[in-house]
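I would like the entire structure built from these sequences, with the hints used as guidance.
All letters in the sequence shown, in the order written, are residues 0 to 109 by numbering that gives the first Met the number 0.
These are computed hints drawn from the structure, not numbers from a lab.
Derived lysine to any residue pairs resembling SDA-like cross-links, with alpha carbons at most 25 Å apart:
id : residue 1 : residue 2
1  : 68        : 53
2  : 68        : 42
3  : 68        : 11
4  : 68        : 81
Have a look at the derived ranges for each label pair, beta carbon to beta carbon:
id : residue 1 : residue 2 : range
5  : 28        : 63        : 15 to 21 Å
6  : 81        : 33        : 29 to 35 Å
7  : 24        : 82        : 18 to 24 Å
8  : 84        : 26        : 18 to 24 Å
9  : 80        : 60        : 16 to 22 Å
10 : 14        : 58        : 15 to 21 Å
We treat Cβ as the ideally placed atom computed from N, Cα and C, and that holds for glycine.
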Amino acid sequence: MQSSRPAVRLALGGLAVVVPTDRTLPALTARLHTFMNQHPQGTGIGDYVRFVLVLAAQDDSQILAVTEKPTDAYWTGTARGVPTRARALHLLGQMLTRVGAGLTRPRARQ
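Here it is as structure tokens:
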């Protein structure tokens, strides 16, 4: 199913970020950069892929910055009092849930 490919890639990227290894992060980064070029900024999946790439970089200051912006705009349920990585993973979980919900909705027939 063509429409599930972005969701699968995002989910795999999310897993690689949650359980990073020396092999998964470099492979993830290269593949997601290619995928990101196909999905512009401002699209749901494109923004989610960019978020995963920041998580993969493992720079806490960048992670905090990219977690704050969507928390203010869309994800008010993300608690600010917890550590940065926990907040970011909570936000990633919400993103994956939204993408998954889109896959379960019936498509209109043309």
